[in-house]
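J.: Sequence:
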Amino acid sequence: MRNLSVLLLASCISLAMSTAISAEAMSPGSHKSLKAGSGTWDCYVPKSYADKADEFFPVLYISNPSGDPGFRGLEAWSERRGVILVTINDSKNGPTEPNIVAQDAVLGESDKLLRVHPCLRYATGQSGAGAASMKMITRYPDRFAGAMIQVHSAGPPPKHVAVVYVGGRTDDTHPWAAVKTAYETAKGMGCPARFIDDPGTHDTAVHIGEAQAALLDWLLLSTCAAHPKLDKAGLASGLARLQAELAAIRESPAADQPQRCETLLDIPVVANDKKLGLELRQVWMDGVMAAADAAGDKNREHEVLMHAADHPAFASCGPKATKALNERLKALRSEEP
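Residue 318 in numbering that gives the first Met the number 0 sits at position 319 of the sequence shown, and the numbers go up by one each step.
These are computed hints drawn from the structure, not numbers from a lab. Among the clues, some could well be false.
Label-pair restraints from in silico Cβ distances [said to hold, decoys possible]:
1) A270 <-> T137: 36 to 42 Å
2) K34 <-> E78: 34 to 40 Å
3) D141 <-> D216: 36 to 42 Å
4) L245 <-> A75: 19 to 25 Å
5) K34 <-> K274: 45 to 51 Å
Straight-line distance between alpha carbons at most 25 Å, and here's what the computed PhoX-like set of lysine-lysine pairs gives [what the hints assert, rightly or not]:
6) K228 <-> K111
7) K322 <-> K273
8) K186 <-> K134
9) K31 <-> K46
10) K134 <-> K46
11) K322 <-> K274
12) K228 <-> K51
13) K319 <-> K273
14) K134 <-> K228
15) K186 <-> K228
16) K329 <-> K297
17) K228 <-> K274
18) K179 <-> K158
19) K273 <-> K297
20) K51 <-> K231
21) K34 <-> K158
22) K322 <-> K297
23) K231 <-> K273
24) K111 <-> K134
25) K319 <-> K329
26) K179 <-> K134
27) K158 <-> K228
28) K134 <-> K51
29) K274 <-> K231
30) K31 <-> K111
31) K158 <-> K134
32) K158 <-> K231
33) K51 <-> K31
34) K297 <-> K274
35) K228 <-> K273
Computed from a prediction, not measured in an experiment: that's the story for all the values here. By construction, the Cβ of each residue, glycine as well, lies at the ideal position given by its N, Cα and C atoms.
Generate the whole structure from the sequences, applying the supplied hints.
T.: Written out as structure tokens, the structure is:
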């Protein structure tokens, strides 16, 4: 019996040492060629991961048709948004490659070694890797919140999953029309959805780096307080993220504020939140007026004001704001020859 106790103690010590080594290995920064079954994965961990030791972090799973996708120039976005980047190195174009095996192995390892958020997970890939990403999401709908599918029409995703589709106008491999139809189907089902109409080919329409980061921002902000599996603490954390975004908008140049506000106003959970929605509409209208002041000529000023007047959020900006904008439009029209 004593020998058994000694063995159990040794086993516990070994497990604790293994866990400590794993935790240390997942310190902020880049980690390459980590084992996952018979394949590998890479991860990039933002600095905030070490500062917030009790928090679970959103994660973006990245795939590539030829495998080994790399971080796609998204390290700065990872730091800015506090999102872990994970590559699925052995998920490829399909359908003959063992994509599901590779995905499940990486999901298991990332869950084991990282404080990954249980449902704020996102997946992205282009062409066949976009299809693989969508398949992963549909197999684990409760774990995922968003997808960015480039030059492919995979879908539709589950209703709660936000999706960005990128279609290339001159794509001879996967037609633009098919990608646009996939977007319309997802939108019609009630998914938060955006379509990016790119003039490029199957290769050049693919967004990477900061061009992709702006679209990933929308995915994250659209879902961080909206996923049906979020508990009260998760919802509070999501709303705090949105409040921080509003604070950042307030500090940004006035000319940038209307567009940034409109991105948030298009998110139902933001527009419908009494406190956040009201604050956001106030900042938006202040930004619109500042942009109109800086327009430089009457035609541009009229365009800025009319764009705001036509926005769905304008009607709920309150009588004072709507009166001010309408009177300014009226004054501009009275000056027309």
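J.: Can you give the numbers of the hints that this structure goes against, from lowest to highest?
T.: 1, 2, 3, 10, 19, 21, 28, 34
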